[in-house]
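Undergrad: So the protein lines, in turn, are chains A and B. Position in the first sequence (first residue = 1) + 1 = this note's numbering. Counting from 1, position 219 in the second sequence corresponds to residue 217 in this note's numbering; the numbering is continuous, with no gaps.
Please keep in mind that the hints were generated in silico from the structure rather than gathered at the bench. Don't be surprised by glycine CBs; every beta carbon is placed ideally from N, CA and C. Do not take every clue at face value.
Claimed, not checked - Heads up, simulated DSBU-like pairs for lysine-lysine below, C-alpha to C-alpha not over 35 Å straight-line:
1. A:Lys144 with B:Lys221
2. B:Lys246 with A:Lys144
3. A:Lys106 with A:Lys48
Said to hold, decoys possible - Quick partial rundown of chain A residues pointing at chain B, CB under 8 Å, derived from the structure:
4. Tyr43
5. Tyr45
6. Lys48
7. Ala52
8. Ile53
9. Leu72
10. Ala73
11. Leu74
12. Ala76
13. Thr108
14. Ser130
15. Phe131
16. Ile136
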Amino acid sequence: MNNTLIINILRFVLLVITQVLIFNNLNFLGFINPFVYVIFFYWYPIKGNRAIFMLTAFSLGLVIDIFSDTLALNALASTTIAYARPAIMRFCFGVNYDFQSFSFKNTTKVQRITFLALLVLIHHLIFFSFEILSIAHILLILKKVFATGIVTLILCVLFSSLFSPKSE
Amino acid sequence: MQRIINFVLRYRNAFLYAFFAFISLVMTIRSHSYHQSKFFNSSRWVTGSIYGAGSDVSSYFSLQEENKRLVEENQQLRKMLFNAQYDSIDPLNSSLAVYQVLDAKLIKNSFTSPRNYILIDKGVKDGVHQDMGVITTDGILGIVENVSNNFATVQSVLNTKSNINAKIKGTQYFGSLIWDTKDYTAVQLIDIPRLVPLVVGDTIVTGGMSSIFPENVPIGIIKKYDLDDAKSFYNIDVELFSDMANIKNVYLIENKDKEEIEELESRTIE
């Protein structure tokens, strides 16, 4: 338990630093800055206190917001995916995820990528909708969501296979 | 009361989410209509020093500001270099210099079409006018073709209309520099007489026959050469020093004697 706590704190710090120093300055194709820190919600232990998880998510988002001067957009988006994560997992992995024996080991690659993709999609939809905050710019929002989302997803899949947790 | 507490406990996560979302939303909407939060912004100590440490590293990748400074310095140096022949005159008195140098940034580059024009970020306001020579830090780039208030288009040497006077370095054999549109790394030098001894790797520089470029601005090196159909002149392929696909800072050269030269020439022709 103590071990996972340290690992999560370390992940938190490292993801914030990678996000603000590298991925916020990427400007791929002029506008794509992927939110790689979303992978935190993929890695976070399944059987934890949900309240603590949401608090962690809120603070992760807020710290990134303070760094990138997008106050509370990332906090809102990441709290939302933290809250929605159990529902997304039930959708991706079926009801058996509630059982004690569940681990990512027993899931297929497709299931895991779907899970990640849904996290990214919800996060980006909330982030860009509230960033622009205008229904009139729905096409711009969608363009940003999909372009950035695809890059984020690819990077997250790469990250998840590079730094796979011990349970896999 | 018991039931209310039970209800709250049962949906505590939803309430917690609503609470966080409310805080975030208030902050977000405030940021749309008010100034940036005084306390939560990236200029704070922790965030600031992390960014500072980051920029110590990333400044190597984005040396724009540094670059600008160096360009200005270079501009000064080139001005002195081009006027070195007047070394008896006070080198810091710019009113006596024949060649003036301006710096500019490239806004749009083009090197794939047969007639390439390059857009730079200086215009009439900055003293740019038609027929100024444009060079990069490595070599020749083109000639200013059209000028607006804030911008100017440059006819690249990679343009079928381009025709620049050039010579082999160290000699007085002149030819014309043209482009056959095939390869953006190479231009062609024609009208060099057959009797000239050529070696692959010789440097080609601008000649002094035009009032646009100063003499001896580097252009490129001889890649290969052969005789033309009449067997009396060489066709020389010149590999450009400037990497035409990757240019950012350019210099504009102004010849202050240009008007006088042109006036004299037009009178002579009459």
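Undergrad: Run every hint past the structure and note whether it holds.
TA: To see whether the hints hold, each was checked on the structure:
1. A:Lys144 with B:Lys221: Cα-Cα ~47 Å, so violated.
2. B:Lys246 with A:Lys144: Answer holds: Lys246 of chain B to Lys144 of chain A is near 30 Å, not above 35 Å.
3. A:Lys106 with A:Lys48: 15 Å, holds
4. Tyr43: 19 Å, violated
5. Tyr45: 15 Å, violated
6. Lys48: 15 Å, violated
7. Ala52: With a minimum Cβ separation of about 6 Å from chain B (threshold 8 Å), the hint on Ala52 of chain A holds.
8. Ile53: This hint is violated: Ile53 of chain A lies away from chain B, its Cβ roughly 10 Å from the closest one there, beyond 8 Å.
9. Leu72: 5 Å, holds
10. Ala73: 3 Å, holds
11. Leu74: With a closest approach of 6 Å, the Leu74 of chain A hint holds.
12. Ala76: Because about 5 Å separates Ala76 of chain A from the closest Cβ in chain B, which is inside the 8 Å limit, the hint holds.
13. Thr108: 24 Å, violated
14. Ser130: Hint on Ser130 of chain A: violated, closest Cβ of chain B at ~10 Å, above 8 Å.
15. Phe131: 5 Å, holds
16. Ile136: Ile136 of chain A check fails; min Cβ-Cβ to chain B is 14 Å, beyond 8 Å.
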